[in-house]
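Participant: With the hints as your guide, set chain G onto chain X.
Take a look at the letters that make up each chain.
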Amino acid sequence: MIGSACLIITRPKGEEISTHGIRTAWAMFASAIESHLLFLDDGVFSALGNPCYDTQLMRDYLREGGVASCCREDLESRGLTEEQLIEGINVIDQDQIPEIIENNEGVLTF
Amino acid sequence: MPKTLTIVLMSGYQENEDALFAVGLARAVLKAGHRVNMFLFGNAVNMANKEKPIKGHVRISERLKSHQDTGKVGPELDELAGMGAQIATCHTNEYGRGTEAEDYRSGVQWGDVGETVIRFLLTTNVLLSIRH
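Taken in sequence, the protein lines are chains X and G.
For the first sequence, the working numbering gives the first residue as 3, with consecutive numbering after it.
For the second sequence, the working numbering gives the first residue as 2, with consecutive numbering after it.
Simulated from the structure, these hints should not be mistaken for lab results.
Here the structure is a predicted model, which means the values were calculated and not measured.
Careful, some of the hints might be misleading.
Derived DEER-like restraints, expressed as beta-carbon distance ranges [as the list claims (entries may be wrong)]:
#1 X:Glu89 - G:Ile55: 47 to 55 Å
#2 G:Gln15 - X:Glu78: 33 to 41 Å
#3 X:Glu78 - G:Pro76: 47 to 55 Å
Interface residues of chain X toward chain G, partial, derived using beta-carbon atoms under 7 Å [unchecked claim]:
#4 Met3
#5 Ile4
#6 Glu18
#7 His22
#8 Arg25
#9 Thr26
#10 Ala29
#11 Ser33
#12 Gly108
#13 Leu110
#14 Thr111
All C-beta atoms in this analysis are idealised placements derived from N, C-alpha and C, irrespective of residue type, glycine included.
Excised from the complex, chain X in its bound form (with noise of 0.2 Å):
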């Protein structure tokens, strides 16, 4: 069985696949599996809080206790910063990215 999965979302808002990566975190966690959101790479821009479906599913995975992360290095050099992000989602390291790759029974990539 995977109790726990890292689901990492690299494409932005409007891109089909990015929604994917969102419902899924959001039916494992509302089925008590272990979510982690990851947004990576182009990612990020799925996280900024743009005026959509996903934002709107960020928030209530947010609110009920999913955890998200998104990647600082990839945040700056596309010239964001953490306060437009959706509240509630954490900013880590490149660095820490492995672990908690490392720290799923699985992973997906979207």
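Facilitator: Just chain G now, kept in the frame of chain X:
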């Protein structure tokens, strides 16, 4: 002891070779005596439905048709199901593509992220997402 691989496939026909790879991998895993679940997500849901016969003259050169037929992995999904694979599709993605309620291939089941993916995870040893 057999293990279970769950593949989340997010590419469909023709756009790349992800589906070809996923089917090949699934076949190899099944032949080795293990189990496979496959969840069709995104454009992969386009492979869930029975093909409709083409009406009239097919205006495609034999060479191009042969090339495109390589990517038509739909019948291979039926073959995998016959080998024991559990293959399900995301009905909400079908809705988004206007294909929900169209007939499924014999090897494909109706599915949902909240129900099917979770059910697959409960018996999975290895999780793999295949996408571009």
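Participant: None of the hints should be skipped; say for each whether it holds.
Facilitator: Do the hints match the structure? See the list:
1. X:Glu89 - G:Ile55: 47 to 55 Å: holds (53 Å)
2. G:Gln15 - X:Glu78: 33 to 41 Å: With a Cβ separation near 38 Å, Gln15 (chain G) and Glu78 (chain X) satisfy 33 to 41 Å, so the hint holds.
3. X:Glu78 - G:Pro76: 47 to 55 Å: holds (48 Å)
4. Met3: Holds, because the Cβ-Cβ distance from Met3 (chain X) to chain G comes to roughly 5 Å (cut-off 7 Å).
5. Ile4: holds (4 Å)
6. Glu18: holds (6 Å)
7. His22: holds (6 Å)
8. Arg25: Status holds, d = 5 Å.
9. Thr26: Thr26 (chain X) check passes; min Cβ-Cβ to chain G is 6 Å, inside 7 Å.
10. Ala29: holds (4 Å)
11. Ser33: holds (4 Å)
12. Gly108: holds (4 Å)
13. Leu110: With Cβ-Cβ at 4 Å, under 7 Å, it holds.
14. Thr111: holds (5 Å)
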